Structures are given as C-alpha cells and as structure tokens.
Amino acid sequence: MRIRDILKVDFDQLGNEIVVVILVLIGGITIFVWAGYYNVAASEKHLGITNWILATVRDQSIAARSSEIEVPDLKDRDRIRLGAQHYVAGCAFCHGIPGEPISPIAQRMLPAPPDLANPVNEYDAADHFIIIRSGLKYTGMPAWPGVGRDDEVWSVVAFVEWLQDTGGADRRDVIDDAGPEQRTGGGYTNPEAGEAYALSNCVRCHGDADTAPVSRLVPALSSQSPDYLRRSLQEYRNGRRQSGFMQPVSANLTDGEINQLVDYYSGLAPVETTSPEMPEAASIARGRAIAAAGIPKQEVAPCSSCHAGAASLQYGIIDGLGQRYLAGQLDLWRKGHRTGSDFGIIMARSAANMTDEQIRDVSAYYASLTRDLSRFARSSPAGATE
Amino acid sequence: MSLFARHDSPVIGALFFLLWGPILWAGHLTIAYGGQALLCTLAASSADFDAATAIRLLIGVTTLASGLASVFGAVVPRLPFRLLLRRRPVDADDGTLIGIMRLLSALASLGILFAGVTTAVLPVCAQGR
Amino acid sequence: MRTTARRSAALPLLVIGGCSVEQSALHPTGAGAEQIYSLFWVMTIGGGLIFAAVLLCTLWAIYGGSGIRRTLSAEGMIYGAGVFFPAAVLSALLGYGLYLMQESAFASSPTGAPQIAVSGEMWWWRVQYRDAQGRSLESANEVHVPVGETVNLALTTKDVIHSFWAPQLAGKLDMIPGRTNMLSVTATKPGISRGQCAEYCGGAHALMSFVVVAHPADEYAQWLDGEAAPAKAPDTEREKLGQDLFLRSGCGACHAVRGTAAAGTIGPDLTHVGSRKSLGAATLNNDEASFKRWIVDNQHIKPENGMPPYRIFTEAELDALAAYLDGLA
Amino acid sequence: MRIWKTPTGWRLPTAVNNTVIGLLYIGAAFLFFVLAGILALVMRIQLAVGDQRIVTQELYNQLFTTHGTTMMFLFAVPAVEALGVMLLPQMLAARDLPFPRLSAYAIWAYVIGGLVFFSTIFYDLAPQGGWFMYPPLTTTQYSPGNNADFWLLGIGFIEISAIAGAIEIVVGTLRTRPPGMTLAKMPIFAWSMLIFAGMIIFAFPAVILATMLLELERAFGWPFFSAELGGDALLWQHLFWFFGHPEVYIIFLPAAGLVSMMVPTFAQTPLVGYRLIVVALIATGFFSFGLWVHHMFTTGIPTLSLAFFSAASMAVSIPSGIQVFSWIATIAAGRERFRMTVPSLFILGFLFIFVLGGLTGVMVAMVPFDWQVHDSYFIVAHFHYVLVGGMVFPLFATFYYWAPMVSSRMLSERLGRWTFWLMFMGFNVTFFPMHIVGLQGMPRRVWTYPSMMGWDLLNTISTIGAFIIAAGVLVFIIDLARNFRFGQVGPDNPWGAGTLEWLPNDVYSTRSIPLVRSREPLWDQQNLAEEVKNGHHFLPGAPTGGRETVVTTAIEAKPQYIIQMPGPSWTHLFAAVFTAAFFLLLTIKAVTIAITCGVLAVASCLIWAWQLDRPGKGEVDIGGDIRVPTYITGPQSHSWWAMVVLMLVMGSLFIAYVFSYLYLWTVSPDVWAPDGSPMPPHVAYPLLSAGLLVGGVALLALAYRALPDPGKRSWEAFLLLVLASCAMAAAVGIEVWGHWITGLRPDASSYAAMVYMAALLTGQGALAVIVLCLFAGARLATRQMDRVRRVTFDNAFLLYAYTAGQGLFGLLLVHGFPRLLV
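So the sequence lines, in the order shown, correspond to chains W, Z, E and G.
Numbering of the first sequence is given in our numbering, commencing with residue 2 and proceeding in unit increments.
Numbering of the second sequence is given in our numbering, commencing with residue 848 and proceeding in unit increments.
Numbering of the third sequence is given in our numbering, commencing with residue 692 and proceeding in unit increments.
Numbering of the fourth sequence is given in our numbering, commencing with residue -12 and proceeding in unit increments.
Okay, chain W solo, but in the shape it has when bound (with noise of 0.2 Å):
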C-alpha cells in the first residue's frame, strides 16, 4: 500500500467544476467592489432584502449575548434618576426627550436612531443593556466608555425602561426636577462665563450648596478632600479612572477649572440627604469590626489605617458618604475595574477577598458616620504625582 495509494481520493471528476464556480464567484465580486456600484449613502434607503438581513443579523447577535444576563432592580428611583441625567446631557441629541424633537440632523443617520419613548421593536432590558454596553457597529451607537462600569450601565437602561413604560409622562419627578436651569449652584460667584457652565455639569448630578445629589448612587462631594477631588478628576480626563459619566464631563476640564471645581465642592458643609436608608444595627457593628481590625485570614486590611484619623487627605474622605456608593466601589475593586491609578491597585489588594456581605456591612458602618469637619483643616501633602 503506497503513500500515493492510502491518500489517493477520486477527486479529478469533481475537480474541474468546483474550481470554474469559485474563479467565476471572486471575478463578480471583485469587479462589484471595484467599480463602486454599491452606493454608500446614507440618504440611499436600502433594500427591503437588505434591511431584513442586516436587522435579523443585529437582533440575532444582541439575543445571544444578552441571554445570561442577570437583570437587577430596575423600578430602583435611584438608577432611574441617574439614568435620566446622563440620558439628558448625552443620548438626548440622537434620541430626543419627550416632548421635545429629534435633531434634524440625527433624524438623516441611516438607520435612523429610534425613538426610545414609544419603541419599534421589542428589546427587553437585558437586551438594552448590551446595545448601551457594547453599542452597535456601523450605526453610530457608541459602546459605553467606561470599560467594566456595568453599574453605570444599568442606571441608562433603568431610565429607558422608565421612559418606555410611562412614555416620559411625568416627566418633571424625574428629568426636570434635577433640569440643568434650576440647579446653577447659586451662591457661586464666579465672573468668567466658562466656569459656570463646567459647575453647571457637575451640579446636575451632585448638588450644590442646598441640594442633595441627585441619587443615592452618586457620591456627595461636600467638604471632601480637596486633593482626593483633584486627583479624581485628573484621573477621569486621563482616562486611568473608568467612567461613562465623569469621563464625558471631565474630558476638557482644564487645571483652572478644576482647581476651582475641587474648591467649591470642599468648602461646602454637607447637604442632609433627603431620605438617607437606615441599615440595619448589626450590619453597622460587624462593619465597624472590619473598619477596625480588618479580616487577617481573608488578607484584607483595617480602613481605618488610611480612611480615618491622621491618615494622608490622598485618600478620600469617606464618612457619610451612601451606602450603595461605597458598595458599588468596592464590587468595582474586587472585579479589579477600578485599578488604573496607582492607589486603586492598593485599595484593589484589600477589597480582593471579601465577600458582598462584608463590603455591605462596612458601607453601611461608613454609612452611617456623620463626617468630621476638623480632618482637613492642616495643609495636606505636597500633590500626589499625575
């Protein structure tokens, strides 16, 4: 049995016309593509044939991957309202808020962005979640830019669920109430036009002077470290901290503004939260346990050595600050999504190993503290590198 035997396979009858097919199929191609008689233009509608593939194609894709996603709360008022400013100050211009139109010029994108108030097509939840997530090619919807922030995520997608179920009807509880006009941060003076409106980014979400931050997901920013402020938002614009939120706002900031950003917010006294979650008393002990002691056997350090007494003012100030807050910073450390600075690696080494109950028990201890005005009154060590 020769080698030329055992591999031996009656291809020669089949071969001539398979080889014919396949120069005939790449010469077509190759003189369609060339001559450039497909017409690229978006006020070109396509072909009802190719609508169909190229819409069974994405519906196809998101259903995949959208399958084993788990779904959280979405009726949560506090996602819904955080959802609503970033759906205000980013998605408005292609997909309107109701009661106001599309912008002529989304309404000439092919395919036109949809109307989210009254939808077309039947995407649930979990379905939104991957468009906003990971955006949609060739359509001009952006993938979310905060790598790992699916929190942020399902705040969008809690509004858009919102907004498709009441149709935007109330629209004042939810959008106005937080609308960039009534919130100007009115005690502050400031002369040059610019900074107003940088202010004016940041008060939607956070509040001022009177007013509580616009949900309990948002972290209020009242007599915080100024250096911690400082380092944040240089971190948001160099894009070493993750965020859909911060990132768009902080991205042309620049050292003026935030200087006097970082100012504003560490001089005003803290806002009394409207409706502040009490948790639970056995929760706030075992927290405090932690926040003393640390857990030796699971490596993770007492936060008390950094976030309390004579530690650094670089490490922010985290008492009073809400409970889902620093639980939700804590998960992001644990997933390792929050390690692009050099002090979210420290702060990753801690939270590595702990398990979501303790991470909820010590957000609620530090929850529960009422912050002490006295910390920062000494001048803070020299600016930690960029």
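Hints in this document: simulated from the structure, not taken from any laboratory.
Bear in mind the structure is a predicted one, so any value in this text is a computation, not a measurement.
Some hints here could point you the wrong way.
[Unchecked claim] Not the full set, but computed from the structure, chain Z residues with beta-carbon under 7 Å of chain G:
no.	residue
1	Ser856
2	Ala879
3	Gly946
4	Gly958
5	Leu969
6	Cys972
7	Gly975
Ideal Cβ positions, reconstructed from N, Cα and C, are used throughout, including at glycine.
With chain W's structure known, arrange chains Z, E and G on it following the hints.
Quick look at chains Z, E and G alone, frame taken from chain W:
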C-alpha cells in the same frame, strides 16, 4: 493431542502458586502499615492505650508468619504446587514455574525481613524529626 | 541561541555580607546535616565502586578472554552478583539508615528547648520566637539559632504546602495545611547560611528563600533581647518625615512596627527590618536602594506577591521612607 | 488476503489492524516526545544563568508542568503500550489483538486528547500545578482558572485509554499465544507486557479516583483535600504516588523486556537466566506497589512508616540487579563477540546510564539522605537517569532494531551512530552536573535562581548538554525522513533473531500460525519460515470467512477455539472523538454540549457493540487434524476474561476509595459520624438497598434460565432484565435519599463527602450496568441473543454481580463503620 502437554492446570491456582511470595509480602506490608496507622490514631485519641507494644506485637507476629510461609514456599515448592495446581509437577515447563516461584518467595521473604526489622529499632508513632 | 544582551530589567543581586552565602548540603554546619553528609560519602564511594565493577564486567563480557567470559556467563554468577551481593550490601545500608533515623528520632529534644514557630505563607516566612521567659516576638524571612543548643521548629502553613529546607542545618520538612510538623535542629558552627522552600507552591516559589544566622551561644540571648525591644525612634529629620509618611500612608494596615501605631498582622513585622540580612525573603540586598525599589516595583521583582506596588510617593518622600525603614535596626 | 485489506484514502482512520494503528500510536508518542523536549529546551535556556527573565514566572510554571505531564502521560506509557500493540501479536504469531477496535478506540482517544491537552500551552491555559498537581495549590482557591481542569479531565481520560490497552494486552498475552508456546516458552517481552498490563490495572485506578475527588472538590466543593473541613492534602499524595511509582516501573519494564529480546540476538545465544529475568520482572512489578511513600519522606509521616517503605525501596533494586547481570551473562555467553550495531550501542548506553541511575536510586531510598535531597536537582538527575536511560535509550534501540518490520528500508548505521553518541554524550553532560547542583541546594521547579549562589556554571553546562541531546534527536529525525519507507515489509530477519516476529508476515501477520516447541523457534526449528509461508501450520485459510485467530489455554497453550474479530468501522472512531469531546468540553464548563457528546459517545459504543457477538460457525479444522469450535461462552471465553480484568480495575478503584475513607478517619476522627456529623439513617435504608441489589442478581439468574432457544424470542427474560436494572437504580437512589434526609450534605465535611462518594461510585457502576442490561434486552428482543449465543448476557450478568457486590460492601462500610465508633 500428542503435540501438547498432557496436563491442564487451573489458571487461578497457577497464578496464586507463582505469586506465593509476593502475595505474602503484600499482605505483610498492608497489615504492618495499616495496623500502625490505625493503632497510632487510637493511641492518639485515648491516652491509656499503649500503642508501642500493640504495634510491635502485631508486626512481629505478621513478620514471623508471612516470613516463614514464604521461606516454606521457597524451600518446599512441591507442596504448594500440588495444593494449588491439584497435580504433580511433571515436565520442564513445570520446573521453570517452580524455579520462578522459589526465587520470588526468597526475595519476598527478604523484603518481609527488611520491613519487619525496622519495627524493633524505631519509635512507633513519633514523627522523629 | 543564548541570549546576547541581558535585558536591563534583570535585577542585579549584590552578594550578601561579603562571602557568597552557602546553601549547600556539602558544607554542613548543623548536627543533622553532618550525619547525612557522612552517609552521603559512604554511599557515593560504595556506589562508585559498584558502578565501576558493573562497567568492568560489561567490558569483560564483550572484549574479555574466553575464560573470563565463561565465568561471567554462568547462571551462578547472576545469583551471586545479582541477588546475594546486593542483599548483603542493602542489609548493611538499611542498618546504617535505621541507626541514623533512630539517632535523629531520639535526638528531637524535650519540649523545654527554645521554640521557633515558622509559618510558610505564599512566598515568605513568618518567624515567631518563643523563649524561656515566655516572650513571643515576631520577625520574618530569618531564623536565628544558638550554636550548640537544640532548637525546635514548629512548621505550619497559612495556605498551600511549603517545605522548610536549610541544607546546611538539617534535612527538609514539609509544612502541610492542618498539621504542625516539629523539626529539631542543632547548629554546630556560627555563621550565615541560606535556605529555600523546597515544595512547589506556585507563583514565586523560586524566590521564597530565608537566611539562617547561627549565633555563638552567649551572644544569642543578647540578640534575642535586642529583637524583643520596640523599634528605635527615628533620629534624623529625613527619618522623622519617613515615619510620618509610613504611619499616614496606611502601611500600618498590613505591617507592624512595635512601639508605633502600626500593628498590621497581614504582612511581615518590620520592627527591626533594618537589621535583617536581606529583603523580600532573601531576594534583595538590605539597603535604601532596595527598599525604594521594593516599595515601588515589588510586583516586577516578585510577581503575584501579596504587597501592591506603592507608586504614590514623590522621589523625596521615597527617600525619607527608605531612610526610616533602613534605620529600624 | 481481501479479508485483512487495510482501508485506504480517507477511510484510513477506520483501520484496526494492529500494525497500522500501532504505527500511528508510536508516531503520536514520538511527536509528544519531541514537543515536550522542545519545552525542556526553553526551560534550560531560562535556567542557563541566574536571574534570567526570558521566560516569565507564570509561563515557566506552565512549561515544567506540561513538560512533566506530557513526558509521563503522553509519551512514556503510550510509547511502550504502542510497542506492545505493534510487536506483541507478531511475537505471538497471532493475527491481531483480541479486541482490535478497543485498541483503535484507545489510540484515537489518546491522540485527540493529547493534542488538545498539549495545545493549552499556546493559549495560556496549561496547568501550573506540576505534573503531580498537589492540592491545596490546585484547589479553586489557589488555581481558579480552567488550567487545572485540563490536567484533571484531560489526563484522567487518557488513563482510561491506557487501561483499555492494558486489558487488551492481558487477554492477548494469555489467550492468543500460538499452540505450544506454554507460559515457560513465552518471549520475555510478552512477560514484561503481561506484568506491565497487570500493573496498570492495579495502579491507574488510584489516580483516577484521586482525579475524580479533586475534580469534585473543584467543581462542587466536596472537601476531600481542604484541611479546615476535615480533608487532608496528604490523601492526594498517597493516592497519586500509589499510582506514581508503579507508573515509572510500568514505563521501565517493557523497555527491559525489549533489551532482553535484543541482547540474545546480538550475542547470537539464548538468554542466560530466563527464569531469573522473569522473577525479576514479577518482583519489580510487585515491589513497586509497596514503596510509594518514598516520595513523601519529608511530609512528617512517622519514621516507622517511612522505614517500611525505605526497606521496600531497597528490595526493589535487587530485581534490577538480577536483570543487569543476566544481560552481562548473555553478552559473555555469546559464541562470537557481541556485535556492535546501533541497537547494541543504545543497549550499552542504556546499561551505563540505568545502572548509575539505579545506584542513585538506592542512595535516595535511604530516608535521612532523602530528607536532604528530596525535591532538589539531585532527584531531577536521578529520575532522568532511570527514565531517559531506562526507557528512551531502549526505545531508540527498538526503533533501529524493529524498523525492518514496518519499513521497507532499514535505518542507516552511520546516522544511527551519530544519533547515539550525540544523545549519550549530551545526556551525561546535561544531567550529571545536576547531581552536584542539587546537593548545593538548588530546589526543583524554580523559574530562576540568584546568580550569587554559584550554580551558574553547572546550569550552563546542563543547558549546553540539553542542546546536544536535541541535536541527536534531530539527526534521528533526519535518518527517519531519509530511510523510513512506509510500505511492504523489509528484509526478512536482518539481525538473525530467534523469535516469531521475524517470520515473513504481511498485513494479516503470518500465513499460518506455527506450532512452537522452544523459546527461540526460528533458531531451533530450521525451515520454520518456509513451512509457515506454505501454510503447513495452523489456520492457513480463513474458515469462518472473517478475521480470526486461534485462542489457546493460558498455561499450556492448547488450542481451544477461534475468535471472530471485528474489522474496520467508523463507530469506534466516533466513540473516541465524542469521548474526547465530552471530557475536554467539560473542562471549559460547556456542560450542555459536553453531555450531548457524552450521549453520542455511548450511542457509538452501542452501535459498535451491536456488530459484535456474531453467531458461531460450528466446529472448524485449523490444521494438524484439530477441530475447535468458533463460538464459546462461559469462563473460557476471552470476553469473560476481559470482564474479569475490568472488574479488577473497578475493584482496585474501590479499594483505593476504602483506603481513602479509613485514611481520612485517621486524619480527622473529630469530623466522623457519631459526634462530628449526623449519624447515617435508620438501618432499614441500607437493608432495603442491599435487598434490592441481591434481588437484582436473583432476577438476572432467573433471566439466565429464561433465555430462549436459538431463533426464538423470550419476553420473560427481557422483563427480568429491565426489572433488574430498575432494582439497581432504586438501590442507589434509596442509599442517596437515606443520607439526604439525615441532613448530611456532601460539602459539609470530608466524612459527608466520603459517604456520598460511595454512593457515587456504585452509581457509576450502576449506570454502566443499566446500559448493558438494556443493550442485552435489545439483543434479546431482536432474536440476536439466546441460550447458546449469550456472551452479551454473560457480560451483563458479571458486571451486575460485581456492582452489586461493590454496592453491598460500600453500604457495610458507610453504615457500619460509624456504628462501630459509637
């Protein structure tokens, strides 16, 4: 069937005859190591139980018994042959099998002796480091 | 195909304390290692002779005269050389081995002797000294023993299996989760030697070493008192700034410096880190430059180790911090 | 002859002829040898000098794990098994191995699984736990990724294909010998393959159980090895090394057997001390099971236990001594001088290296010395001397010696000598310095070392040596490429050997099966080759019209009957592909696709089995006026023997489980039932379960009596079969249910995990038995099984009885032992 041997031997019997020594050696090691482990655990859990004498006794007896049995196999192989193959050794092939069995039993008894002698010298359950 | 230019990132290691530190079983300075050393030579010479004999027989079998080949081809020769001779040699060897095991078994000293608890943690050693006065003090990556006196090492592990091996002192003993293995060692000569983890424990197993320092009997008590004392207060201006930085940057969360607010138990105890013979479990030399490189770039020197890289200090702050730590003699 | 024609073209994978698949087996094993060798070169480059960072820490840990695992599991054992598959039938003048499709299945499963396992090194998924995978490092806490699962499932499943080959070789060696070749006239290689297969049967199940336990702990958290819940890391070491040490002898014995075949040829005289070598092989095989703890001398086990195993480790060196001196005696007894051909050069190289490795082995058997050198480079040197010296050199000798049997041209002497001297010099330059570096304190498995330690020079020498070996292997590959011509058989008996494999044979092996009267038939019976060629001996034609060979009694080799062997088919190939897919998809947790592949694998096996058990063709004359039946049932049938061997495998798996149960009790008695965990359920549960098992056996006995006459159909037997399967399933269900209601959860403690493990093992057996019973039922329903043609029923009955027995003993242990402690 003149071409072939006139006898047929039971396969299992032949196997056990051939491995007479090694099986004794394996039994000895199992009893020695298993006994020592179990008795040391009992000694650890109940204070009054004196593990040393119990283990030395057990291993001494097992060594003696299995050692003698394997030496017996090496010295008088015909008896186990008749017992296990239920016939007398007849031709050269049987001679080869007996030869193999005898040396195996001798080696096994040496192995048993090597293992047995250690109990007399070393502390029974101590980690000894 | 050998690499031509050595990559700049390779870390140059200075020689610790002048002479190249020995980690060789061929230069024993402990009672256990000496016994094994003599056993080694007995077996090597014996083995060498037997090996030569076998080679000789093979050459004779091929090229020898018909007389020698006839004797070699007799079945009796196989019985003699193949069964009886090895049986005799092995019995003697077994006897020698049992004698040594019995020696080391009864040599493990009674509970009164000073005890050192060594806990293997993923890729460094936590060493706790418990002496007669009941004092218990912690150090890391170094085992100090008195010459001539038997010391009991209680070996445990916090995570996976490690193995405590100081070749010049004694044989190795594993550290198994859920068990405490007792190893008794007796140094016979003063001096510095080195040991390493011998059971593969993942990640930086290759860099999990430690230094063994054998003190003359009279100096050991004095060294122990020094080690038990709290940390020396910083004297120069740079060291004061360094201590302030150390405390306010949260280093106390994982490290302890007795006599200051820092009381962390996750990382090694740094009370007398300045006086240690090496840094990073005998990976780096102990000087200010090494402190700075470890603080900023430890994940590159020893990948996957427990300490995050601290790149949050300016050059001046780093100098101060390194000065403070180096000063903790 | 048309019956034996090997399929060509794209139908080649369906071939089952032992020479064809044997060559594929050897080729795959050699490919893995070269691949793992390249990994070794990369490791040597990294270690050439201190403080090198060419290879990162994580990659190096993957490299040495994959190098070790590939060499041991994917090269060494398969290579010797491949030689068995290729040479044994020819040496025993059998037409083929008794179960040709089984070995083809095993080989394809091994090739696919091995390639996928090895490919993990390219996409950073290779295991990092070392070839021994000690927990707790390999539990999910410290190795969270899928890397460890690739070892556990990938390698676990390749051991199953090794066991399949072992069953094949045991039955082949004992039953398909030519008439007249009694046990005492069997060639030494057949003895070594018999003992090799016997060792696999008792050693591999231990590691399969350990792999199951660790995979259960990783996947479902059953705490067998985590100390805080009563488990013990040493349990893994006991189970692994109970397999580990016999495995290295499994690798060495066939190589020793090959040397014992080649030395007499080159000395042109019968082997001196045939009995002594057989004793040495059996003694090595037995003693190797009694010395596994010498891998654990430094774990703190009491010195007395260590002494037992130190004694056994010394005793095992005596048989090796016997073999070495027997070879020297044979060389000396040769009429003219020992011929210096390439194979004999490799044999002398083997003697030199293996004896040195054996001596360091005796040194390391001494407990105090092992305390110093365990896990150091001294051990790396020792085991390379005994493994590379003990197995790779004889393997290369075999390549040169037996090449004419599969290639029309012999490999060249000139290139052969280059290969030998490069490999011999390279080997010693690489591995001898490692003895010294090890004694100087360099531990194993370190991806780098400080350059101040003074180890640089010796490591550089080792690296240079490694490249010399690589050059030698390269020259061999060139020689292979130039001279190896796959095709009809080369020159007849070029070396003038005495054993049957040198008879002129074609794809169907010899024209007729010779009557054997001595150990070297070709030397003693002058014109045997012509007689066999002209068909004067047994079974010249193919009376049953299919592939068949003669089956003879185990001891006296008297012809008993003819086996009808299955021919080429796709079914075993699909079965292998789907089995490989099942295990490998499980590693990446693609559970749904994996289960479908599993079901497809079982389905292909059933279709494969459906074509077997063809009706007998009555009495046939096989020559020498001897008439033998062509279909036989009962204890003499070769499938009965295969089932017995399978039951030995399942038995040793169960004994390993019982050892683990008692061992964990000695380690953590506080977790055990009376006080540590809830007591087992009321005694009614085990009694009911036991009753069902015994009842099931009774049902099958009734079904046996109710088997129909040929051609008829019997619904009672079918019903009894189905009932028996339900009884078995119910028994297992009740056992699990009984424990569940006492509140015992398997992830609570090691005791609980062990209790559920017993039920799981019996359940595993039950699953196989149920499939077999239903298959027998289907055969019954389609009139393909009756009172005479009942091999399928016998097998089902045997497996049922065994599983019931194992289940009963499991119940006794799990329900009885805690009550003893009360």
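Right, here's what the structure says about each hint:
| no. | hint | verdict |
| --- | --- | --- |
| 1 | Ser856 | holds (5 Å) |
| 2 | Ala879 | holds (6 Å) |
| 3 | Gly946 | holds (4 Å) |
| 4 | Gly958 | holds (4 Å) |
| 5 | Leu969 | holds (5 Å) |
| 6 | Cys972 | holds (5 Å) |
| 7 | Gly975 | holds (4 Å) |
Figure legend: structure checked against the earlier numbered hints; every hint is met.
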